[in-house]
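Asks: All chains, please: the whole structure from these sequences, using the hints.
So the sequences go chain by chain: A and B.
The working numbering numbers the first residue of the first sequence as 1 and each following residue consecutively.
The working numbering numbers the first residue of the second sequence as 1 and each following residue consecutively.
What the hints contain is simulated information worked out from the structure, not anything from laboratory work.
Hints may be right or wrong, so weigh each one.
[Stated by the list, open to error] Stretches of chain B that chain A covers, calculated by requiring three or more beta carbons in the stretch to come under 8 Å of a beta carbon on chain A:
| no. | stretch |
| --- | --- |
| 1 | 6-19 |
| 2 | 41-51 |
| 3 | 66-72 |
[Unchecked claim] Incomplete in silico selection of chain B near chain A, CB under 10 Å:
| no. | residue |
| --- | --- |
| 4 | ALA26 |
| 5 | ALA54 |
| 6 | ARG58 |
[What the hints assert, rightly or not] Think about it this way: if two alpha-carbon atoms lie no more than 20 Å apart in a straight line, the pair counts; the simulated EDC-like pairs of lysine to aspartate or glutamate are:
| no. | chain 1 | residue 1 | chain 2 | residue 2 |
| --- | --- | --- | --- | --- |
| 7 | A | LYS137 | A | GLU149 |
| 8 | A | LYS55 | A | ASP43 |
| 9 | A | LYS132 | B | GLU50 |
| 10 | A | LYS137 | A | ASP180 |
| 11 | A | LYS55 | B | ASP78 |
| 12 | B | LYS266 | B | ASP231 |
All residues carry an ideal CB built from backbone N, CA and C; glycine is no exception.
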Amino acid sequence: MEASDRDLMGRLALGDRGALEPLMERHYRRIYRVALAYLRNVDDALDAVQETFVKAFRNAARWDPASEVAPWLVRIAVNHSIDRYRRGRRRLAREEPLDDGDHELRMAAAGPSAERAVFGREVAERVAEALKDLPAKQREVFVLRHYDEMSLDEIAQTLGMSLGTVKSSLHRAVHRLRADLEGLKA
Amino acid sequence: MTLFHEAWRREVSLLACGALEGVARAAALDHVRSCASCRLELAALRETLELVAADPVRLAEPPIASSALIARVQAAIDRPGREPIAAETAWRPFAAPALRSAAAAAAVLAALLPLTLGPRLERQDGSPVPVVSGPAAFPPAPTADDDTSVSLDALERLEIHIAREHAARYLNEAQDVLVTLAATSRDCERGEGRVDVGEEARRSRALLARRALLVEMDRAAVASARPVLEDVELMLREIASLESCARRADLEAISRELGRRRLLMKMDLMARELQG
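Replies: Set out below in C-alpha cells:
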C-alpha cells in the first residue's frame, strides 16, 4: 500500500530523506504548473519546485498534521513565486528586460498540431501579459483557481484569506482579464 | 444598475469560473435566466475563460526528468549553510556570482572543505589512509607546509567539483534542447513539411561553444562523462547545422537517432552521477 502524504510528511519530519522522492513524484508536476502559470518562465518555475521541496524538508517538523499536505506545498511554491516575481520586477526596473519569454512559451506551445501550437503560443503570450497586469492578490487567486483547479475554500486556506476576499478577487480578476483579452478568439 | 444587481455580478463571475456549488450555483443560474444582461456577461466571461483554458501552460510538463529534479533537491539540502536558491544561478551555468570574488570563493571553499576532504582522506602520494580505531588513527599535527598542501589540494578538489557541476548543467540544458526539438511543431514560411528550428539551432551552437570550455576546464574531472558528452555533441552538431526552416524528415531522423542511442536517459543518469 502506498504511503499517504501525511505518512511521508511524518517521515520527513524525522529526517527520513527516503520520503522525499515519493512526495516529489506525487506533487512536483502540480507545483511546477502553478509556478509556471505565475512566473511564466521555465527556469524560474523549476527553481520554485526545487525550493518548495527543500523548504518542505527543512520545515517538515513545523507542518501541522491536521492540515492537508498539497495546499501547504502549493503555499510554499506560491510564496516563492511571489518573491521571485517581485525580484524580477525590481530587476526589470533597474536593468534590462528579464528575458524574452520565448523559451518558456515555446516549451509550453509544443504540441501535436502546428496550427494549435501557433494558437497556443499566442494565447500563452496574451494570457501571460494579462496576468502580469493583475494586482498580486487577484493573480494568486486566479492562478490557483484556473491553473490548479482549487476550490474557493482551498484557495482561502492556502493563501490565508477570507472566503469573501477570495470571491471578490476572483470576480475582479476575471473582469480585468476579459478586458485585456478582448479580441482574442478561442 | 442597482446595488442588488451589482451583488449578482460577482455571483455571475464565480459561476463562469465554475466556483459555485449547490444552492449558490442554483440561485445564480436562476438569476441569470431572468436577467438578460447577466446572460450576456456570463457568455462573455465564459469565452474569456475558454481562452485561459487553452493556455498550454495548464498542461505543461517540467522539461527535465523527475529523477533530475529530485537529485537537485537532495543536493540543495546537502549544501551546508546555503543561501536561498537564486534563480539566476540555480539552473543557468556559468552564472555563479558566488565565485566572482575571492572572498566569496573562500566562503565556498570553506563550505566545501568538510565534504571534499572529510570522507576521502588520502596520503600525499594518493594512497588511502587506513581506517583504524584509537589514537593511532589521528594524523600528526599539521606543519605550516602541510597547511599549504591541504589548501592546494582543497582548491583542486573545488575546481573538480565546479567542473563536474558545470558538466551536469550542460547536460541538463542540452537535454532541454533535445526534448524541445523532439516536440517542436512550429511551421515556417517555406511551407508544409518544414519546421522552424532556428531557436534550437542557436541554442545548440551556444552549448557547443560551452562544450569546448568544459573540456579545457578539467579533463580528468569529467572523464567519466566523456562518452555521453561526445554523443551529445554529435546530436547538437546535427541540430546546429540544420537550416532554421528545417525539413520535418530531418528532425524525425534526429529523434530516431536520439531514441536509438537512448541518449536522454544516459544524459539524465550522467548528470546525476556528476552531481554526486
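Asks: Taking the hints in turn, state whether each one holds.
Replies: Comparing the hints with the structure gives:
no.: 1; hint: 6-19; in the structure: holds (count 7)
no.: 2; hint: 41-51; in the structure: holds (count 7)
no.: 3; hint: 66-72; in the structure: holds (count 4)
no.: 4; hint: ALA26; in the structure: violated (17 Å)
no.: 5; hint: ALA54; in the structure: holds (5 Å)
no.: 6; hint: ARG58; in the structure: holds (6 Å)
no.: 7; hint: A:LYS137 - A:GLU149; in the structure: holds (17 Å)
no.: 8; hint: A:LYS55 - A:ASP43; in the structure: holds (18 Å)
no.: 9; hint: A:LYS132 - B:GLU50; in the structure: holds (19 Å)
no.: 10; hint: A:LYS137 - A:ASP180; in the structure: holds (17 Å)
no.: 11; hint: A:LYS55 - B:ASP78; in the structure: holds (13 Å)
no.: 12; hint: B:LYS266 - B:ASP231; in the structure: holds (10 Å)
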